[in-house]
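4 protein chains.
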Amino acid sequence: MGMIGGGPGSLIGAVHRLAAERDGYIELVAGVFSQDFEKTKKLGEELGIDPSRLYPDYIAMFKEELYKPEGERLDIISIVTPNHLHFEQAKLALESKFHVVCDKPLTVTHQQAAELERISKEFRKEFAVTYTYTGYPMVKEARAMVQNGELGEVRKVMVEYVQGWLSKEIESEGHKQASWRTDPSKSGKVGALGDIGVHAFNLVEYVCDTKVEEVCTELNTTIASRSLEDDNNSFIHLDNGAKGTLISSQVCIGEENNLSMRIYGDKASLEWRQMESEKLIIRYSDRPMKVLKAGTDQLSEIAQQNVRLPGGHPEGFNEAFANIYRNFAKTLITKRNGKQPTQVDLDFPKAEDGVRGMLFIEKALESNASGQKWVSLKQPELIN
Amino acid sequence: MGMIGGGPGSLIGAVHRLAAERDGYIELVAGVFSQDFEKTKKLGEELGIDPSRLYPDYIAMFKEELYKPEGERLDIISIVTPNHLHFEQAKLALESKFHVVCDKPLTVTHQQAAELERISKEFRKEFAVTYTYTGYPMVKEARAMVQNGELGEVRKVMVEYVQGWLSKEIESEGHKQASWRTDPSKSGKVGALGDIGVHAFNLVEYVCDTKVEEVCTELNTTIASRSLEDDNNSFIHLDNGAKGTLISSQVCIGEENNLSMRIYGDKASLEWRQMESEKLIIRYSDRPMKVLKAGTDQLSEIAQQNVRLPGGHPEGFNEAFANIYRNFAKTLITKRNGKQPTQVDLDFPKAEDGVRGMLFIEKALESNASGQKWVSLKQPELIN
Amino acid sequence: MGMIGGGPGSLIGAVHRLAAERDGYIELVAGVFSQDFEKTKKLGEELGIDPSRLYPDYIAMFKEELYKPEGERLDIISIVTPNHLHFEQAKLALESKFHVVCDKPLTVTHQQAAELERISKEFRKEFAVTYTYTGYPMVKEARAMVQNGELGEVRKVMVEYVQGWLSKEIESEGHKQASWRTDPSKSGKVGALGDIGVHAFNLVEYVCDTKVEEVCTELNTTIASRSLEDDNNSFIHLDNGAKGTLISSQVCIGEENNLSMRIYGDKASLEWRQMESEKLIIRYSDRPMKVLKAGTDQLSEIAQQNVRLPGGHPEGFNEAFANIYRNFAKTLITKRNGKQPTQVDLDFPKAEDGVRGMLFIEKALESNASGQKWVSLKQPELIN
Amino acid sequence: MGMIGGGPGSLIGAVHRLAAERDGYIELVAGVFSQDFEKTKKLGEELGIDPSRLYPDYIAMFKEELYKPEGERLDIISIVTPNHLHFEQAKLALESKFHVVCDKPLTVTHQQAAELERISKEFRKEFAVTYTYTGYPMVKEARAMVQNGELGEVRKVMVEYVQGWLSKEIESEGHKQASWRTDPSKSGKVGALGDIGVHAFNLVEYVCDTKVEEVCTELNTTIASRSLEDDNNSFIHLDNGAKGTLISSQVCIGEENNLSMRIYGDKASLEWRQMESEKLIIRYSDRPMKVLKAGTDQLSEIAQQNVRLPGGHPEGFNEAFANIYRNFAKTLITKRNGKQPTQVDLDFPKAEDGVRGMLFIEKALESNASGQKWVSLKQPELIN
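Residue numbers (numbering that gives the first Met the number 0), protein chains in the order written: chain V, 0 to 383; chain F, 0 to 383; chain D, 0 to 383; chain X, 0 to 383.
The reader is advised that the hints may include incorrect statements.
Remember, identical chains collapse to one label, so a pair may be satisfied in a single copy or spanning two.
Mimicking DSSO-like on lysine-lysine, the simulated pairs with C-alpha atoms at most 30 Å apart in a straight line are [stated by the list, open to error]: (1) K41 x K67; (2) K266 x K289; (3) K40 x K338; (4) K175 x K278; (5) K90 x K329.
Simulated from the structure, these hints should not be mistaken for lab results.
Excised from the complex, chain V in its bound form (with noise of 0.2 Å):
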């Protein structure tokens, strides 16, 4: 695997590589960490990698990569660049046949994702995008209860993503991340809702298996001076019929990466809370509260093939995140192997979910603009 981005100091970068390497079906063997080359040779060395597959740019990186022998050269691109970078490099990856693992939000516009989607279709190649926190066992173990009809029918949704750390004016006090994240240029036309309003939209789809319809959104830019609003609070409507609310905040002082969902059904609900990732609430009419545990062995086959330790002992974030590239790496070498990868190994957030979060992202804006219209997200033009 080759990496763009993830340069020195780089949190994310540094858990892509952690998440790559966890179970040893990847090996990170190119870069280019940084603009900076020496920032890329310098990091380059510290990870170990071989100088001579540092690049200054990617497109030097696919262009050298592209020519060396199957089982030398580099068989997948990781992208953990800014946002508005991810389009151009991930397109060139496709058409230079690498599969692509690329941060989110997917794009700037939707239509630039649809068009990475149907680019990798074309070329067969795989894409994932780190959804970080479907990667959760009880997250799949949400999906597959809803799956099998152990909550019946869903009616309600209530996804919450809350944070704080933007509740105060930091990206002019010299914070990093908070000014590329509240700089169109960088971000694309939204901010929080970009970051953390996808993730939520994702767990969603995911959970309920099925789509977002159609969406009525207020959006907020709570700090005065900042162009990229900053809070999020939606209406949705799923394709079953269901209701809910869909609420996304970067100014909710005091929290920390405050991400839950509850989804009630017409037989059981169920209630999921990223920091406390482990647990998995069920609720009855008539029966006790429920509580399932990650690591136990009354899971569902997915939740269990996504879990390393037993139960009590506490898995987090990075595991996660390595489930992803797991399952990504697994489809990958099935398919390599002329097999048919199973539903476990498929199970990872794919190009068209970067879609999907897109297309939430351009219909939030446009609901917002019109004062709080419902607006669509059914795609008539795709269906042929």
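Mind docking chains F, D and X on chain V? Use the hints.
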């Protein structure tokens, strides 16, 4: 005190009686507990009430009691009947110069509620509306913190009141409370919104010490056969510019009585959950999370005055309810003695809070009917 | 009912009065609330008690009331005085043919307690000891589960009762309750063990429905100036072979009223915490954790009978206390009517439980004095 | 680094490898993973290890590696074999001038452990013992708080480590780990005490930064057919005069990996639970409860240095484990560079901690055999 309603088998009647007599300020000495006089007489006997003060109907009670000499006549009428009866009973009680405690929602229309408020002022009678949940000491602490500026400027509010008891169509199976709650002829124009939504609304206005300025509401009727809505998602805007959501539902299967509130300021935030009513969580951007506990020394005057037991000796719903009656009674007594009640004594929900609840209901219905347009709760006509 | 003790400013007196009158079975009609008759008269007036039934001392009260005709005389004496007074007051009450409710610890010595039990049997009078915590519905549920074999054979027990209020030497700063609790002339031979240790002991024997067979105890006096112990660590062996620990302390700084219990059988285990009194957690080796909630339909008959509100409407300490009085009163009434009380009615702590508590205290003292030898609680002399 | 043990299917072997390589300081380059050389070769290949450095036995590995030139030879031997093999392997590793990381309990007897400590000093080799749980950042925060006097004088300690996985006789059903854990020929003289009791013991001594002075222990063998104890209740006395309890058990049915600790000082107390490892609760007598969270800014230097992700992104067991390896590696590197390691780097469990664990085991056995006499852990012979 005399009571109307709360006959044999009425849970809320028993709660009112217990709350009223709890602190020794109020004694139940008369009543019309049921439309069936025999039932009134039977319950009256059980409660040890002088048979001569058990009446066949409330008009008889008012008439008889009205002409008794001061000291012997009733001071207070407590109204615990279904919603559609509140207006005429409360109106006549006020006109008969009784102080009134009335269950919520106050009336069936906003106009009726406003009329009651007007009459209570005209006749200089105290009027309490039993919004139970603002009776909790930690809710009072929350309000004190907002008032003292400990949260800074309030920016975002998330209030929810979710229950699951109407998630199945139990009204058709002879469930008594479900039957009248879902029957427009008894509940008025709304179901869940009147039963629990108004509590959530009262909680927001009380704790934030400001008004909800406008709402954008989606009401859902989850069970097809039902005439009244059982689920509500609302966006709200507060007078001070804060944004937020107010969600209430009775079809959240497995939920018991899950009322919760999170308020985010620019300095700190707070979280309160009714089912863990004795905790109040405060979060900061730069200090560890703090958990305040009822019954401890570290609370404001008002919270301490509304607790009866030391920390760690759980109090709950009954005590919150009793706080309303106690503060109401202390206000009456203090005024009767020609003194000015303290802020602590005056801290009970009043007719104006009942009016606000009815206004919210009407505006939420209007917003829903318009397909989620924003509807203002400002009332220019009342300025004169 | 007449009360001895519980004068102005006594928290526990108010708790007893509220609990006694809560369910309409008992009425407080007489009292000796204080050694100072003026104080008794003043409080009596506030409580609306007929002045002729306020007495200067308990002997006077018993004498006067004893000769009143059936129906006019007191049935029950409630004793809410410091420990060292319980014995003589309760003894005379029984001999005067009153039923008795007495606070815990029952007496100052085990012998006194056994004497009270004997007298109550001789005079056929009911005798309740207010071990509050076994009045909680979920504690009753726990006992029912053990009795029904849902945990299998009980193997291990962990009970703790930790508070922090004596972690500083507040008795020398005029703290009234701290003063008598730490004064051997008023509390007897033990401090914290008598105040809270006996609650933990009662909880074990009640829930496990078996006896503690032997103890191995270390008592500590953390504050050097104190005459009585303020901290206890005990190993316990139960009659059925189970092993465990019983820890109680009043120097656990920051703890409020933290009584908890975990019981491990060979099929399942349970956990209950007084400060979250409405939950009962059940754990299995092969099934998900279950959380039972007070007020829901899924509980045993006995738990359901000891709850007054639906799930999610928090009840607490006052209701647990009231359950003792209510069940005691229902037993009296049923017996008076010549019927056999049900198991639900009979479910209140009795003189024999008070005796067990005193026995535990004496044996724990003996074990501690011996340098942590095991001391048996078996009483061969009682077999005859 | 070379590894002994941790062959195919070994969970703890994988945990060690992941932890060792996590931060880029250590690379696994050699190994004897199994007694079956074929298995070693197979796993070695999977792990990408040069086949020439896969060895049939550890003596061969040491011999070969010993004579390689500096920079090519192994620095560290990681020992992940069953307990009874640790001593001879670690001894020879030290004598062959390798630094050693060894799993716990360090050896089978206290004498062996002391011998290893002596040898490591003689040969000036670093020696880490993988007591995982003191690797958690919030445990380090707890220790820093005790050291800084934030709790005041420590008075009372309550430590527990309870699991349920041995609550049924699974060793007779072919459960591999259960088989060797309950087999004296592989585990030594103790079962659960060596497996988990020593963790609890290490936690106490680490956080309180003092020694356990004496113990009074009851060991139980709950499953009759078992040769080794599976349950422990101990009283402990610390050097500073604090009293407490240390409970460990593997027959607490339904418990996962429930290690917890409460420490009460005269100023404040703390509570930590491994299964919610990122929280540290601080309680005061006169201030609200505080909840410290891993990954936030409000922690001590040492806690912040042992966290890799921002607050709210759960880390867990693997990161705690990695902290041991990382600090160990940084100490080695710093010393190799002729510098003095910082306190942060030196913060990993060492041979002396392994010795303490073995001493605890022996003294606990002695106390139990004596019928719960107090047994001292002081070692006068070591003073010279």
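Enumerated hints in conflict with the structure, sorted upward = Nothing - there is no hint that the structure violates, so all of them hold.
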